[in-house]
Amino acid sequence: MSNAYLDISSVSIDFPTRGGAFRALNDVNLKIDEGEFISLIGHSGCGKSTVLNIVAGLHQATEGGVILEGKEVNSPGPDRSVVFQNHSLFPWMTTYENVELAVKQVAKGKNKAEIRDWVNHNLELVHMTHAAQKRPAELSGGMKQRVGIARALSMEPKVLLMDEPFGALDALTRAHLQDSLMEIHRELKNTIIMITHDVDEAVLLSDRIVMMTNGPSATIGEVQDIKLARPRNRVELADDVEYNHNRSAVLKFLYERQKAPVTDDAA
Amino acid sequence: MIGFKTFFKKNSFIEEDKVGVANGTRQWNFDMKNRLVNFFTLVGFTWAVPVIKLVSGESPREQFAEMFRTIGLPVIAILIFLGMWSGLASQVKTSLGVLPGPVQVYQQASTLVDEHYAEREKEAAFIKRQEVRNAKKLEKNPDAKVKIRPYTGAPTFIDQIFTSLLTVFAGFLVGTLFAIPLGIACGLSDKLYTAVSPLIQVFKPVSPLAWLPIVTMVVSAVYVTSDPMFDKSFINSAITVTLCSLWPTVINTAVGVSSIDRDLVNVGRVLKLNWWSKVTKIAVPSSLPMIFTGLRIALGIGWMVLIAAEMLAQNPGLGKFVWDEFQNGSSNSLGRIMVAVIVIGIIGFILDWLMLTLQKMFSYDKAAVIR
Chain X
1 MSNAYLDISS VSIDFPTRGG AFRALNDVNL KIDEGEFISL IGHSGCGKST
51 VLNIVAGLHQ ATEGGVILEG KEVNSPGPDR SVVFQNHSLF PWMTTYENVE
101 LAVKQVAKGK NKAEIRDWVN HNLELVHMTH AAQKRPAELS GGMKQRVGIA
151 RALSMEPKVL LMDEPFGALD ALTRAHLQDS LMEIHRELKN TIIMITHDVD
201 EAVLLSDRIV MMTNGPSATI GEVQDIKLAR PRNRVELADD VEYNHNRSAV
251 LKFLYERQKA PVTDDAA
Chain C
1 MIGFKTFFKK NSFIEEDKVG VANGTRQWNF DMKNRLVNFF TLVGFTWAVP
51 VIKLVSGESP REQFAEMFRT IGLPVIAILI FLGMWSGLAS QVKTSLGVLP
101 GPVQVYQQAS TLVDEHYAER EKEAAFIKRQ EVRNAKKLEK NPDAKVKIRP
151 YTGAPTFIDQ IFTSLLTVFA GFLVGTLFAI PLGIACGLSD KLYTAVSPLI
201 QVFKPVSPLA WLPIVTMVVS AVYVTSDPMF DKSFINSAIT VTLCSLWPTV
251 INTAVGVSSI DRDLVNVGRV LKLNWWSKVT KIAVPSSLPM IFTGLRIALG
301 IGWMVLIAAE MLAQNPGLGK FVWDEFQNGS SNSLGRIMVA VIVIGIIGFI
351 LDWLMLTLQK MFSYDKAAVI R
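If you read the protein sequences in the order shown, they are chains X and C. Numbering-wise (the numbering used here), the first sequence opens with residue 1 and increments by one. Numbering-wise (the numbering used here), the second sequence opens with residue 1 and increments by one.
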């Protein structure tokens, strides 16, 4: 029996294609402790999102499974809330209503005032109280993503899953959101799995960086422990020896050991 | 307690009085103008926007250019059309005389309106006569049974307009009530869609006029009551409209529901929304624009088909008016028919505009250009 908080145990997945089953992931094993911040990094198409979706329960593993607090999970649920890359807010609802919908789903036996307070608390956490009555179309990309994070946090998930949450944002906005996320993580001690393409982001935020090999039959290539003290400051870390050592380790894995797969647009 | 003087002083009400009012008026004008501009843009009266801006004193040159574009160009096109119409119509000699031009059509239009009021006066006189007669009867014998018989004069052109409008709305409403739930169900369930798709594909291209004889027979066989709430002819026409307005709404709703963003569906799954919440909170709102597109097409087709059905079945309405005038064959008939044609067009245009405005009001994506 495993005693890890979250155990991704010998997960493999096949996708049906015209030419037969396509093995996207092969034997992925990862044990995650409570409160840990994990980054998944790897080249496009290596199955990072698939791992995340299996943990979320949106995909079913062909072999193996995911065990959260000793129980197997195979369907989606609010205990593993997801922050999607393109925010995925309901465009016909205001910021407040978007978060409220999630809160109402998990609020068993909470009264109206408690629900309202909890929604507002989560909006405050991501500094979005001022835009509570705005619709997503009126918000900038970074603000939308903040609301998406508030919605995911408001469900008080056991594991927060983030699928390239800052991928579509400009560098400055991204830095702001990373700082916010570190602040939230320090405060709430969530267990977080985040997919990223960005090496700096991974080193700055993570406790461990999980590097994936290229598909097909992708699996975990290496795991890099990041032992930098928290709270971390991006400016100070820029000259930090250990930071740069970690950074170059990840870069070496990505660009020397696992070269970008040759795709049509790269050729 | 604070005295009045202190209160005034505290707010320095008096000193700032002048400035406050001046600023306030300017602020109010600005708000009002923006609100008006937004309103007219929403309802599609973009030609009114430069007028408002001009009145509020915004750079006249730009506004005149904009007015020329939005008002001037259409007016020029209409004038050219009227000129060509009157020039060409006078060349065509029919058995009912020369094809009427715009002037004759306008005369006929005012005649039709006059006839309507004349008919209303006749009706009022008819009712009055009955009342007088009844009063006399009651005077002689207080127990006498008296009755006001309804006026049975021919419906006027304007009466026919309202009959047609009522019919099209009734048929459209019934069609919508069936079509939206069916469309949602088809959009949610691939199996259901696969099952009913062939039926929809076969029935969709059938002209509802082909159904008309069957509808008529079924209605007269099934709808048998001694005290009918609706005329059979009304029901026939309405069902015909229902039949043709059904399909566009079903198909558009189904497509709208089935093409919801995958990520939004996934959010619903992560939130563990129940079936009903998924329908009401995700499926319906996100497919609302498509549903309205379907409804708009449905109402447009319904209006076109209704006129034809009324002509064919001699059911009261604008179609019957056109057909009666055609059969009547007086020298005025062609002019009166043209009035009907124009009115049918304008009503169709208003119906479409109504649906478009509703669509814009309910659309969550205010930035989207909806035409």
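Please note: incorrect hints may appear among the correct ones.
Facing chain C, a subset of chain X residues (Cβ under 7 Å, in silico) [what the hints assert, rightly or not]:
(1) Leu58
(2) Thr62
(3) Pro76
(4) Gly77
(5) Ser81
(6) Val82
(7) Phe84
(8) Pro91
(9) Thr94
(10) Ala102
(11) Tyr243
In case anyone wonders, no lab produced these hints; they're calculated from the structure. Bear in mind that the values here come from a model prediction, so they are computed numbers and not experimental data. Every residue, glycine too, gets a C-beta built ideally from N, C-alpha and C.
Tested hints:
| no. | hint | result |
| --- | --- | --- |
| 1 | Leu58 | 6 Å, holds |
| 2 | Thr62 | 20 Å, violated |
| 3 | Pro76 | 4 Å, holds |
| 4 | Gly77 | 6 Å, holds |
| 5 | Ser81 | 6 Å, holds |
| 6 | Val82 | 5 Å, holds |
| 7 | Phe84 | 5 Å, holds |
| 8 | Pro91 | 5 Å, holds |
| 9 | Thr94 | 11 Å, violated |
| 10 | Ala102 | 6 Å, holds |
| 11 | Tyr243 | 34 Å, violated |
Of the numbered hints given earlier, the model fails hints 2, 9 and 11; all others are met.
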